[in-house]
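Enquirer: Counting in the numbering used here, the sequence shown runs from 55 upward without gaps.
Think of the hints as simulated: they come from the structure by calculation, not from any bench.
Any given hint might turn out to be false.
Calculated pairs, SDA-like style, for lysine to any residue (alpha carbon to alpha carbon, straight line, at most 25 Å) [to be verified]:
| # | residue 1 | residue 2 |
| --- | --- | --- |
| 1 | K161 | N383 |
| 2 | K131 | N383 |
| 3 | K304 | D203 |
| 4 | K304 | K277 |
| 5 | K293 | E136 |
| 6 | K76 | K214 |
| 7 | K71 | K161 |
| 8 | K105 | H128 |
| 9 | K214 | H347 |
| 10 | K277 | S189 |
| 11 | K88 | S297 |
| 12 | K201 | K161 |
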Amino acid sequence: VDASGKPCRTGAQVIGKNKAGKDMTRVSDAPVDKNGISDFCTNPKYEKYCKAGQVRALYVHETESLGPAMARYHASKLWGGETYFVQTDAHLQFAVEWDEKYRNELKATSNFPKSILSSYPPGFNPGNGNSVTESHGARLCTCETNKLDPNPIIRINAGKGYTGNEPKPTQIPFVAAGFFFARAEFLIDVPFDPYIPWCFMGEEIALSLRSWTHGWNIYAPRKNLIAHQYRPGRMGLPKFWGSVGRLYGKPGMNNKLQGTVIMRIKNLSGYPIARTEKLKELDIEFVLTDLEHYGLGDTRSREEYMEFASISVDEENDALQCHRNVWCNNGLKD
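Whenever a hint applies, use it, and build me the whole structure from the sequences.
Expert: What follows is the structure, encoded as structure tokens:
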């Protein structure tokens, strides 16, 4: 905060100390991100694509946002019959001809056309240039549950990377919501679920399970062709869960709402605590609405996926346990 009391917009503002003596912070009054779509569509070099309807955007007010899972659902409805579909987070940089290279990588997979490329992109910092230097890709092989999360559920982690001499992409058990690339028939087979608002953790295990049981194989691309500017909480920038709290005037409100909705994902994933009979006892069976349209496929079973992904059910602790996945880290399945 400057001398006049106006926020400097440089990150989190320290407003005091808590009982443990640590800094207490609040989110800065950060300006909205630059509208790249507007810049693109007003550029004389590119405006023809926007006028032809090849660039479509949906703008939602902050108070109406319901988290990334809902954003992905709405974004998927902008599909206009294109051959390929790519999902990414915001704040990205791209390698030269990234799209053509990913198309060729997809065609190199053994299960094409029902193949998905997915990874966690490496990070970048502003000022490091505008294009990506290609690097060896990493496989999404492992998972874990952080018991300190407000509503603990499986989250995905990266495993071993490629070395550079692999003849084709190899399979992985997980889809990263922050980047995946597939033929657009994916949207028909595995439509995005509009019934998981306020969810952040959990969407990836649901997406992985649904994709795989519908017969889609998941692959790690051999090269990183995009990079993402990760924005951790210490930067003090607003997050969607904070918007929910401000809207209701109750900090932590998003966690309370999510606590019920996430039972839909836990039911889908096989958590003992979220089995249908348990949800009936809790009188929240409504979280399973339309699950026949947004649930698992019938090409392969959930039990087959769990074995494939090295995940077991822990009945005693009402949890799923992740185990070491040898075949994934060693690239043994093509």
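Enquirer: So which of those numbered hints doesn't the model satisfy?
Expert: 2, 4, 5, 6, 7, 9, 12
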